[in-house]
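Q: Sequence:
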Amino acid sequence: MFFTHFTFTKRNVTFFYTLLIFVVTSTTTYAQKTKAWEITYASSFETLNNTEKLSEKDAAALEFLKALSSGKDDKPQLLCYVTADRLRVEQNALISSVYIGNKVDSTCYVYSGHTKTAYKTLLAAPAFIDLGDSITVLTADDYKINFEAETKIIAGITCKKAVIDIGAKMTVWYAEHIPQLYWDKYAYLQRIPGCALAIQTEQSEMLIGIKAASVKELEVDEHLFKVPEGYEIIEY
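Counting in my numbering, the sequence shown runs from 38 upward without gaps.
Simulated from the structure, these hints should not be mistaken for laboratory data. Take these hints with a grain of salt, some might be off.
Unchecked claim - Calculated lysine to any residue pairs in the SDA-like style (CA-CA distance at most 25 Å, straight line):
1) 181 x 248
2) 112 x 264
3) 197 x 242
4) 253 x 113
5) 157 x 260
6) 248 x 69
7) 72 x 121
8) 181 x 222
9) 253 x 139
10) 263 x 113
11) 263 x 252
12) 253 x 187
13) 197 x 80
14) 253 x 157
All chains, please: the whole structure from these sequences, using the hints.
A: Written as structure tokens, this is what we have:
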């Protein structure tokens, strides 16, 4: 009689702890999720409206640029995740790298899968412009930006237009309701009141740049915004 009662009690205790572990694990897993925007980008090459046909030289240069900028292993050229205060950018071109950015403290960690090393640097790094006889340093505040009334649909999203003077005219199409996405050489996007879904500049009778191929909001794991465990951190 006593043995039967003890066995029943032990089973209840075991069941209770199993249930508790399941609840704790489920809660922890849920807590590790966060809402973010996932955006994929691809290289964009568009002929100008007044250009009917490219010259043979420009057409060859275009094909070379397309091959040079295509993603590796059928991955998007740029895969980005962005929230109000964090971002992740995966570059899958000739040189693959990952940027983990914190917009609150303006820090960024850069790493690739080839080494277990992550480099800590500034999220919005200044640009060094070679003027021939001298070099000037430009920060995001130094760029002249004009906001225009024109709109355009990109990846199903209505975007507004901004024109940035960085020596050459650069057109940015941005979505106001998506958080800012800026990093490294794209530090000037910190001045754009939203997320840039297309960045284009005019070259050889063409508009060349990058454009969003897909945009969606979803829940992602928190670890996407952290440097993987086991990586050595080196400060620039």
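Q: Now, for every hint given, state plainly whether the structure supports it.
A: Against the structure, the hints come out as follows:
1. 181 x 248: Answer holds: residue 181 to residue 248 is near 22 Å, not above 25 Å.
2. 112 x 264: 21 Å, holds
3. 197 x 242: Given pair residue 197, residue 242 holds - Cα atoms ~23 Å apart, limit 25 Å.
4. 253 x 113: 15 Å, holds
5. 157 x 260: 17 Å, holds
6. 248 x 69: Since the Cα atoms of residue 248 and residue 69 sit roughly 30 Å apart, the hinted pair is violated (cutoff 25 Å).
7. 72 x 121: 10 Å, holds
8. 181 x 222: Holds: residue 181 and residue 222 sit about 16 Å apart, inside 25 Å.
9. 253 x 139: The hint holds at about 21 Å.
10. 263 x 113: Cα-Cα ~21 Å, so holds.
11. 263 x 252: Holds, at about 22 Å.
12. 253 x 187: 23 Å, holds
13. 197 x 80: Within the cut-off at roughly 20 Å; holds.
14. 253 x 157: 29 Å, violated
Checked against the numbered hints above, the structure violates hints 6, 14; every other hint is satisfied.
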